[in-house]
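Put chains X and W on the given structure of chain U with help from the hints.
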Amino acid sequence: MTNKEIYVLSAKQISIQQPLSEEWMNNPTLYEPAFYRSIDPSFKEYVSPIEARRMGKILKRALATSKEALKASGLETVDAIVTGTGYGCIENTEFFLDALSKEGEQLLKPTYFMQSTHNTISSLIAIQTKNHGYNATYAHKGISFDSALYDAYLQFRLNKISSALVGGHDEMTETFYQILKKGGVIGFDNEICGEAAVSVVLSDKQENALCKLSGHKIIHQQGIESLKEKVAKFLQGNGKTCSDIDFILTGISGYKENDEAYMLETKALFGDRPLLKYKNLFGDSFTASGIGFYVAAQCLKSGFVPRNMFVNEKDITDKKPDNFLIFNRSDGTNYSLTLLEK
Amino acid sequence: MTAPIYITGCGVVSAIGLNQKESLETLMGEHSGVGQLTYLKTEHKEFPVGEVKLSDAEMRNRLGISDNAITTRTALMGMLALDEALKQAEITPEMLPEIGFISGTTVGGMDMSEQFYLDYINNDAHKEYISVHDCGNCSEMTAKHFGDFAFVTTLSTACSSAANAIILGANMIRCGEAEIVIVGGSECITKFHLNGFNSLMILDTKPCRPFDATRNGLNLGEGAAYLVLESEKSAKKRNVKIQAVLSGYGNACDAFHQTASSPDGEGAYRAMKEALEIAGVKTTEVDYINAHGTGTPNNDVSESQAMMRLFGNNIPPASSTKPFTGHTTSASGSIEAVFCILALQNGFLPVNLNYSQAMDDGIIPVHQSTKKDLKHILCNAFGFGGNDSSLLLSKFEQK
Amino acid sequence: MDELIYKLKQEIIEALNLEDMTPEDIDENASLFGEGLGLDSIDALELIVLMEKNYGIKLQDPNQGKEIFKSVKVMAEFIQQNRTK
Chain U
25 MTNKEIYVLS AKQISIQQPL SEEWMNNPTL YEPAFYRSID PSFKEYVSPI
75 EARRMGKILK RALATSKEAL KASGLETVDA IVTGTGYGCI ENTEFFLDAL
125 SKEGEQLLKP TYFMQSTHNT ISSLIAIQTK NHGYNATYAH KGISFDSALY
175 DAYLQFRLNK ISSALVGGHD EMTETFYQIL KKGGVIGFDN EICGEAAVSV
225 VLSDKQENAL CKLSGHKIIH QQGIESLKEK VAKFLQGNGK TCSDIDFILT
275 GISGYKENDE AYMLETKALF GDRPLLKYKN LFGDSFTASG IGFYVAAQCL
325 KSGFVPRNMF VNEKDITDKK PDNFLIFNRS DGTNYSLTLL EK
Chain X
813 MTAPIYITGC GVVSAIGLNQ KESLETLMGE HSGVGQLTYL KTEHKEFPVG
863 EVKLSDAEMR NRLGISDNAI TTRTALMGML ALDEALKQAE ITPEMLPEIG
913 FISGTTVGGM DMSEQFYLDY INNDAHKEYI SVHDCGNCSE MTAKHFGDFA
963 FVTTLSTACS SAANAIILGA NMIRCGEAEI VIVGGSECIT KFHLNGFNSL
1013 MILDTKPCRP FDATRNGLNL GEGAAYLVLE SEKSAKKRNV KIQAVLSGYG
1063 NACDAFHQTA SSPDGEGAYR AMKEALEIAG VKTTEVDYIN AHGTGTPNND
1113 VSESQAMMRL FGNNIPPASS TKPFTGHTTS ASGSIEAVFC ILALQNGFLP
1163 VNLNYSQAMD DGIIPVHQST KKDLKHILCN AFGFGGNDSS LLLSKFEQK
Chain W
314 MDELIYKLKQ EIIEALNLED MTPEDIDENA SLFGEGLGLD SIDALELIVL
364 MEKNYGIKLQ DPNQGKEIFK SVKVMAEFIQ QNRTK
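Chains as they are written, first to last, in the numbering used here: chain U, 25 to 366; chain X, 813 to 1211; chain W, 314 to 398.
Bound-form chain U, shown alone (with noise of 0.2 Å):
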């Protein structure tokens, strides 16, 4: 085991907001809560049309901010390509299912099931890239990106890797998001809903990074005190007390049942720090934890919070953020706390 310091060198999002940029910082896209489909960028840069002719939106989103990542990142290569997917490839997904069960059994169109399982996002990557290095999928709803992060997290302190791409993708569809919503998985009052698209570049060399990833944990529900334990024992781990955090990064989302629950949790374990959101601006989606990582990654960066960021109008301040501690809570049953320091 090596004590590895590991920086973020980019982060790159197509989502609700203007993609492949961080115009959302001081120009936002406001929304009303509904379900909206991602702002796409023109893929011709990133793919062939010949190329793309079998790809869903997820797959070109990937592609693009992988590319775009990898660009900004000013590596050549990484040692692994890590994926988080909620729901996966669902648009293919959708289309296969769709035929099976109206159109029986005969003559399926193969491209929609090679390219509805959750690893077709890392291994195209990987493909275009021409990468042989690890190459792995997650897909544990909102923790997938959060459970990629931490495969490249462990391998950075084994010295396995010096570099990894790590994302999150997620996309929706009108029939799946009216699926989900009837089943009571997305699509809650008051909450916007939206779909993602990240990839960020880690790498154990310090040039022109945007911050330094100071630790990543990822935590079953187990109640409260355990959960204070266990949040204790992270920051400690990491040389910190509950006092220097300067900011907690929530999935403050509008939806109230949601939101209480934010507000009882971080008030148990992180006192009165100062509460932070992000998806007011880019909507929820299974892969919203990595927006949350591309936005405090960004923040501490341009050394400014956005004023509608804050969750409370009395924690507003001008101050250059130090650090962030991304709280991410998943249906109350995972979490995952993930330290951003300048």
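It is possible that some hints are incorrect.
[Said to hold, decoys possible] Examples of chain W residues lying across from chain U (beta carbon under 10 Å, computed):
1. Asn330
2. Leu331
3. Glu332
4. Asp333
5. Met334
6. Leu350
7. Gly351
8. Leu352
Note that these hints are calculated values from the structure, not bench results.
Treat the numbers as computed from the prediction; the structure is a model and nothing was measured.
Where a beta carbon is used, it is the ideal one built from N, C-alpha and C, also for glycine.
Quick look at chains X and W alone, frame taken from chain U:
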């Protein structure tokens, strides 16, 4: 060389048995579990499959789960396997809050989604099944049946999912993030991927024949298996019996094509090489390779090439156990790892059933039952997209 | 024949999702795979589905496609001789 990762418990469910004992008897007795389709409702009766010989209701009954409960077949098979693994490793519910659980699956709750999809769109019938569609839900459902784990996540790298779950678990232990992590995978056959594989024209209407000149595709199978990975310190402290050692593992990407393997088996070669390097084991020390060996023309050539590149003229005995179980897709990495552990413990080489005639540019698999003392076994699992992983399983020897 | 070739081009564009192409862009004598249009083995499977769906021709062995899918013209000739619908 790094600190060893011990395996202190296993559980396995597949077409050849509902536990290790039944699996061992069937492997040694050379009886295939592949046969005519019984449980899955599909038009495609022409394809032989390796189904687990229990209905969902029978599994619920064995597990003491009420018939009204919302379950998926993948989770139910997972619970059966996890139960056996926990018992063998002497893990009690009070210990779970310190233990991680990592499962691999790709279809998740698709068995339910494909039955009720039109209802989901058109009405409210069966809407309680919507939330069990995703992969993560299967792992949560499997874990929840036993209690509260410290950590739960899901790998989804198609047919290497379970192997990659094993790799993450090993890395967690090596980082000191946990003393015990339970790893593996589960996957039921669904109409969705049976039709998907059929659309890719890689299913054989006859029993599959890996590494045979006449091979013409794979048979689908299903099942689940979990391994209890444990640090040396914890295993000693608990004084639990050590079943085998996970001494190496490798993951690489073929980076060639979404559904085909490269002609030179680059990903497979790198994965196997890395597994040996981590362990500090030489190619000449490998006693057996449990090949991915699906029986598709493409896989078996590519995997053979990778073995030839790595082992030169001294390729160890190798076989595919998929003619026994069918291709258990996401679960194959852990199911076959358990078979390897049974082979290590009982000193035999599993036979490559249905083999008759050597293929061009390929290996000749083990086709006669052989008793042999085994120390190191490589176990391969490759997925679509070139997600290739290899595990090195070794016999535990008391120092 | 010309009519069938044109229709087939439209069907290929749709089945393979060649978004930015028109029938005029496809040379009926050019190779569909490799150098020409640059299609691959998965496209071949899609073309097999297309032939069965639209013309009632069932290919059992994907290798048969190699000859038939040489060019749009060859494919059209094969369809004309073997179609059942």
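Hint check:
Proximity of W/Asn330 to chain U holds as hinted, the smallest CB-CB distance being about 5 Å (cut-off 10 Å). Contact between W/Leu331 and chain U, as hinted, is supported at the beta carbon level, the nearest pair being about 6 Å apart and thus within 10 Å. Look at W/Glu332: its Cβ gets to within about 6 Å of chain U, closer than 10 Å, so that hint holds up. With 10 Å as the threshold, the beta carbon of W/Asp333 comes within range of chain U, its nearest partner Cβ sitting at about 5 Å, so the hint holds.
Restraint check, W/Met334 versus chain U: the minimum CB separation of about 8 Å is within 10 Å; hint holds. Hint on W/Leu350 holds. Least Cβ distance to chain U is approximately 8 Å, under the 10 Å limit. A cut of 10 Å between beta carbons decides the hint on W/Gly351: the least distance to chain U is about 5 Å, and the hint holds. The restraint placing W/Leu352 at the interface with chain U holds, with a minimum CB-CB distance near 9 Å, inside the 10 Å limit.
Violated hints for the displayed structure: none, as all numbered hints are satisfied.
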